[in-house]
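Keeping their order, the protein sequence lines are chains A and B. Residue 1 is where the first sequence starts when you use the working numbering, and the numbers rise one by one after that. Residue 1 is where the second sequence starts when you use the working numbering, and the numbers rise one by one after that.
Please keep in mind that the hints were generated in silico from the structure rather than gathered at the bench. Cβ atoms here follow ideal geometry from the backbone N, Cα and C, with glycine treated the same way. Hints are supplied without guarantee of correctness; some may be wrong.
[Claimed, not checked] In silico contact screen, one side only, chain A against chain B (beta carbon under 10 Å); selected entries:
| no. | residue |
| --- | --- |
| 1 | S40 |
| 2 | R47 |
| 3 | G48 |
| 4 | E50 |
| 5 | Y51 |
| 6 | T52 |
| 7 | I53 |
| 8 | F55 |
[What the hints assert, rightly or not] Straight-line alpha carbon distances no greater than 35 Å define the calculated DSBU-like cross-link-like pairs of lysine-lysine that follow:
| no. | chain 1 | residue 1 | chain 2 | residue 2 |
| --- | --- | --- | --- | --- |
| 9 | B | K2 | B | K79 |
| 10 | B | K79 | A | K9 |
| 11 | A | K60 | A | K9 |
| 12 | A | K90 | A | K9 |
| 13 | A | K60 | A | K85 |
| 14 | B | K2 | A | K60 |
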Amino acid sequence: MKLITAVIKPFKVDQVKGALKEAGIHGITVTGVQGFGRQSGHTEVYRGTEYTIDFVPKMKLEILVDEIDVDRILDVIVTAARTEKIGDGKVWVTSVDHIIRIRTGERGADAI
Amino acid sequence: MKTGDAAWVMTSAALVLFMTPGLALFYGGMDRTKNVLNMLMMNFWCLLIVPVIWVIVGYSLAQGGSGKFIGNFDWVALKGIGISSDGGTQLITMVFLGMFAVITPALISGAVADRIKFSAWAIFVPVWLLLVFVPVFKWVYGGWLGQRGSLDFAGGTAIHVNAGIAALALVLVLGKRKGWPTEGHPPHNMPMVMLGTGILWFGWFGFNAGSALAANGTAIQAFLNTFLAAAAAGLTWALVERLRDGHFTNLGAASGIVAGLVAITPGAGFVSGMSPLFIGAIAGVVCCFAVGLKTKLGYDDALDVVGVHFVGGLVGSLLIGLFSSPDYFGTEVKAGLFEGGGLALLGEQALANGTTIIYSFAVTTVIALALKATIGLRVDEETEVGGLDLVEHAETAYHGTN
């Protein structure tokens with residue numbers, strides 16, 4: 001079992017969500033986050049004074065998947081989230097020891 | 001007072017009252033999330049303390065008697081003033097002027113944002129009102145400066161120059177915000193700033209046109225001038241930013257409008273024709289550059305009270321010396337240079353503002369030093385970093401959840 005975490009551009013969330021649903025994913029968790037990567041921030045000017053805003057808003061998606069689905073889902077996310085411009089974000093995969101569906105108590109891959 | 005006049009002055013007084021909450025939003029939006037309530041409360045404090053002091057003693061000291069420098073105690077606690085004597089003319093005039101007394105110290109709050117102790121501000125306001133606002137008000141309206149012939153229709157010298165230079169004196173004693181100017185302090189809520197600007201403009205029709213103290217032609221001229229000068233100044237400020245920095249900004253438009261309103265205040269009832277357009281346009285450009293002075297000279301006037309109110313008020317007051325047109329406003333008004341009156345009026349304007357600047361700066365500095373030596377002026381570093389709202393008021397403007 002794996003956890004796929006993707007940090008993507010906010011305007012790409014709907015497209016990625018649609019592609020994931022089409023690929024058979026039943027649940028995702030979405031969080032608004034801020035940070036910087038190579039894109040860094042932007043500047044704003046108030047009364048002639050320039051302010052640097054270091055942190056750019058992004059959306060973080062978390063998806064639990066079975067191991068055999070990992071590569072396929074990664075492709076779906078990367079294809080849907082890509083604009084080929086700086087700031088498209090990153091996707092990474094981590095191992096998950098336990099998953100439990102709270103309602104039924106199901107464990108492991110059955111709980112995905 | 002005729003019924004129409006009374007109706008207009010009462011309406012105007014309510015309009016001017018509304019300017020203080022408007023100013024609070026204008027400043028509060030420019031402030032940060034952790035200090036916005038402190039900024040609002042500094043303004044609302046003026047709405048609590050000033051009316052009480054004004055009615056009990058302020059009005060009498062500012063207008064009573066025929067002294068050149070200060071009033072007297074004849075009208076303390078409304079002694080001898082009531083609707084039975086003159087139908088209420090003096091009562092409503094006192095209330096109307098009281099609204100100006102409320103907003104004048106409130107103007108200073110923008111300069112000291114993010115770091116002044118609320119207790120120090122709470123004491124500063126009434127002390128400053130009695131030691132600085134009241135005497136200068138007397139000099140300008142009925143006292144020696146007014147008698148010499150300087151003009152100040154609705155409070156350019158007595159209010160904006162006075163509060164603006166006091167703001168400079170106070171921040172010089174108070175010191176800079178932690179991190180300024182290297183660390184940014186951008187506005188936290190621009191829509192709030194724009195709403196505050198709208199309320200200020202709306203209220204300013206009472207401020208300027210109400211200062212005719214009658215529903216007459218002078219009031220109508222002041223009304224038009226308030227309309228035109230604010231738009232012209234907003235336009236020129238926004239244009240300067242577009243050419244210099246690359247964009248039309250909301251804050252530039254809002255700041256220009258306020259600068260234009262400040263600049264037309266002293267001459268609102270003394271200029272006509274296209275003069276308000278020129279006064280506004282000049283003020284918009286001058287103030288747009290004046291707000292940059294603080295970083296060059298190193299005084300931390302947080303929300304540009306000096307750059308907008310002091311500079312705008314001074315520019316507007318001096319420009320009366322050029323544009324004043326007595327043809328429209330009676331022989332007691334001196335003509336400006338461009339209206340065939342020579343340099344005499346400009347000299348009087350310079351004298352009135354010069355003495356106000358020296359007096360207000362000096363006395364405000366003494367008050368600030370006295371507060372610093374006794375209860376202290378600044379919050380501690382932890383409060384400044386964490387925000388004044390929680391420590392000074394036990395409130396939070398925006399809770400993250402719910």
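*Could you check the structure against the hints above and give me the numbers of any it violates, in ascending order?*
1, 8, 10 and 14
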